[in-house]
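Trainee: Since chain A is already given, all that's left is putting chain B on it; use the hints.
Number of protein chains: 2
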Amino acid sequence: MTEPFAFELLATDGGARRGKLTTPHGEVGTPAFMPVGTQATVKAMYPGQVRDLGADVVLGNTYHLMLRPTAERIAKLGGLHRFMNWPHTILTDSGGFQVMSLAKLRKLDETGVTFRSHIDGQRYEMTPERSVEIQGLLGSDIQMQLDECTALPAETADIERAMELSLRWAERSRAAFVAGGGPERGQALFGIVQGGDDPALRERSALALSGMGFEGHSVGGLAVGEPQDVMMRMLEVTTPLLPADKPRYLMGVGTPDDIVKSVARGVDMFDCVMPTRSGRHGLAFTRRGKVNLRNARHAEDPRPLDEESACPAARDYSRAYLHHLVRTGETLGSMLLTWNNLAYYQDLMAGMRAAIETGGFADFAQSARVGWERGDIPPL
Amino acid sequence: MTEPFAFELLATDGGARRGKLTTPHGEVGTPAFMPVGTQATVKAMYPGQVRDLGADVVLGNTYHLMLRPTAERIAKLGGLHRFMNWPHTILTDSGGFQVMSLAKLRKLDETGVTFRSHIDGQRYEMTPERSVEIQGLLGSDIQMQLDECTALPAETADIERAMELSLRWAERSRAAFVAGGGPERGQALFGIVQGGDDPALRERSALALSGMGFEGHSVGGLAVGEPQDVMMRMLEVTTPLLPADKPRYLMGVGTPDDIVKSVARGVDMFDCVMPTRSGRHGLAFTRRGKVNLRNARHAEDPRPLDEESACPAARDYSRAYLHHLVRTGETLGSMLLTWNNLAYYQDLMAGMRAAIETGGFADFAQSARVGWERGDIPPL
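Line order of the protein sequences matches chains A and B.
Mind the numbering: the first sequence is residues -15 to 364 in the numbering used here, read in order.
Mind the numbering: the second sequence is residues -15 to 364 in the numbering used here, read in order.
To be clear, the hints were calculated from the coordinates, so they are not data collected in a lab.
None of these values were measured; they are calculated from a predicted model.
Hints may contain errors.
No distinction is drawn between identical chains; accordingly, a pair holds when it is met within one copy or between any pair of copies.
[To be verified] Here are the computed lysine to any residue pairs in the SDA-like style, where the Cα-Cα straight-line distance is at most 20 angstroms:
1) K274 to L364
2) K230 to E168
3) K60 to A280
4) K274 to Q212
5) K274 to H72
6) K27 to T312
7) K88 to L(-7)
8) K60 to L364
9) K27 to E314
10) K27 to L(-7)
11) K27 to G313
Bound-form chain A, shown alone:
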C-alpha cells in the first residue's frame, strides 16, 4: 500500500492506449471506468460487489463529503478508504463542479468560491488550496485541481476567462499539493484542461498545464450540453498536446458510445453517474443498447436482461420481475439494475483493454456499435 503514483503505457492501438496506473492503494488497468461514489458509497451497491465487477478505482465527491460527514471527520476516522470500506484506489474531484451546480448563493472571484450548503445553508469557502487540503484529509490517491467549468453553449470571452482563471488555480493547486506533502504520500494531482468548444483555448490550456508537473491531466468542461461530435473534436485537439507518459481523464463521460470513441482518441480514465443513476430509474445498459424496464412490453417477459452476461442481475431475474420491482419502487430494482449497468460498463472497459493489447480495438469498437444498433431482443 506504499507504492507512489505511476503510469505505465503498456500498448497502443491507433489512438487507443492500454496502460496501468499504480497508486498507494493498488493498480488500475486503463482504460478505466470509475463508478461514482458521491457520498462515500456507490449507490445501491456493496463495495465488495463493485470490486468484483473489476473496478480498480471509485470516485468520491469532495463537495458532498466536505458537507457530510466533513473531511475532518473522515480524516479522524482514518481516511476515506477505511471509512467506505474500499481499500483500493480512490479519485476525488475538486468540489468545484458540484459547488457550481448544487450549492446556493455562489460567489466566484480570483480567490475562490464562497457558497452556502444546499443542505442546511451553512456558509463555506472553497479555494484551490482548501480543495487540495480537503482531498488530502480524505486521503485521496488521485486528486483534482479546483477549476471553473463553463456550461455550453457559452460566449468565447466567458470560456476564455474561466479557462485562464483555471490555469491560475492550477498553479496554486500544484503549489499547495507539493507544500502539503502530496508527492511524498505517493498521491497524484491532475490539472484540468478547460476551453469549452474553442480549439484554440483548449490548446492553450493543454499546453500550459503540460508544463506544470501534474501527475496526470483531466479534460473538463465537456459533456456539458454540446453535441458528441464537438466533444470528439475537442479531444482530437487536446490529447495530442498532453504528455503521452501521463494518464488522461475525461471527466463526467459518458454513454458507452462516448467512452469507446474517447478511448479511440487517447483517453485513459472515465467517470459518470449514468450507469448508477439510470439503474435507479429503471434503465438497463446491455450489449444490445439501452432497455427501459418500466416499459409494459416487459411485464410478462420471462427472459432475463442478457442471458449471456456473467452478472447475476442480468442473468438470474426475469424482465417481468425487474419490471415489477421498478414499477413498485422496490429497492431491489435499483440494486439489480445498478449492478447490471456497472457490470456492463466494466465488461466494456475490460473488452477494450484486451482488444488494445492485441491490436483489435477498431474491431472491438465496431462490434460493440453493431450490438447497440441491433437493439434489444424482440418482444415475445
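Mentor: Structure of chain B alone, referenced to chain A:
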C-alpha cells in the same frame, strides 16, 4: 421438489419445540423466522443473501401481490418462487390483514370483503375461496385461511363475532383448498386461531380449528395493541389445545424477546417486518439490544456494530459510516442494516434450535436476555 407437506417434531425442551417442516420446496428447521417479502422481495436484500443467512422460508403478502403484478401474471410466469428467484419454501398470508389495514372503502359481510386498492382505487372482492385461489396461483407452499383480525382493545362481543366468522371462513377455506387440489400439490393450508384477549374465545377457536384437518395452525390477532403479557397468556391457553403433531405459527411477531418467549410456549414459526423495516429506519438489532445508528453518539465511532458477528454488515463497517449512510439517506444504509438485522434474527433462531436439541433452551433464553439488558457498548 415434490415432497408433500409434513411436520416432524424432533425434540422438545419444556414447552419449546424443535421440528422440521418439509414442503414441495425444501425443508424448514423450526423454530423458524420468516423474513417478510411483501411485494415479492425482502426489501433491500438479494434473495441469495436471505438464503445465506439461514432462512428456509420467506413470506409473501397476498394483498400486495394480487394488486401488483397480480396472481394471474405470477402464475403465467411460473409461480412466485420463480418470479422472485427464491426456490425455497414460501408462505403466504390470506390478504385479509392488509385488506383491513391498507385498502380503502372496505365492506365486510358473511361472504367476504369488498375493497378498493390503495394504489389506484380499483374494486376487488376477497372471499375465503378467492384467497385460496390466489395463493394457489402464486404456488405458495404454506397458505393461510382468510380470517377477520380484531385490533385490541375491543369489546368481547366484537371479538367473538369476528372469531366465529373466521371459523366459518376456515371451513370454506378448507373446502376450497381441498377442491382446488392443494393437498395433491403437497401444499399446506393453516387455520387461524382468533379470539382476541379472551381465553374462552381463544379456546373455542383453537378446538374448533383442530378438528378441521388443517396441516398447521396459526395464532392471529396478537401483537395488535395488547401488552406482551396478554400475548403470552393467550399463547398459554391456545397452544396446548392445538395438535402437537402440527406446526404452530404466531403471525406478525415480533421482537427478539417476543419470539424467545413464544418459543417457550410452543410456537414454531414467526414472521415480522421489524428487522427489515427497522433496518430501513436506522435501527440495528444486536446481541446487546437495539442500536439507533441515527444517534450522534455514533458519528465518530470507528467500531463496528458487533465485531463478533459473522455478518459482514455487522463486522466490516464502522458505526460512524453507518451513521453517515443513515443520515444521508443512502440506500446502502438500508441494505447493511437490514442485512444485519435479518442475520441477528436468523442467528437467534439457529441458537434456539440448537439449544432445544440439547435441553439448553432455558439457559439460552436467559443468556440472550442478559445480553439485551446489558445494552450497547459504552460510547468511546
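Trainee: Decide, hint by hint, whether the structure agrees.
Mentor: Hint check results:
1. K274 to L364: Answer is within; shortest intra-copy Cα gap is 18 angstroms, inter-copy 49 angstroms.
2. K230 to E168: Result: close within a single copy only, 18 angstroms intra versus 70 angstroms inter.
3. K60 to A280: Close across copies (16 angstroms), not inside one copy (50 angstroms); limit 20 angstroms.
4. K274 to Q212: within (18 angstroms within a copy, 53 angstroms between copies)
5. K274 to H72: neither (30 angstroms within a copy, 33 angstroms between copies)
6. K27 to T312: Both, since 19 angstroms and 11 angstroms are each at most 20 angstroms.
7. K88 to L(-7): neither (42 angstroms within a copy, 66 angstroms between copies)
8. K60 to L364: between (56 angstroms within a copy, 14 angstroms between copies)
9. K27 to E314: Answer is both; intra-copy 14 angstroms and inter-copy 7 angstroms each pass.
10. K27 to L(-7): Neither way: K27 and L(-7) sit 32 angstroms apart in one copy and 45 angstroms across, limit 20 angstroms.
11. K27 to G313: Answer is both; intra-copy 15 angstroms and inter-copy 10 angstroms each pass.
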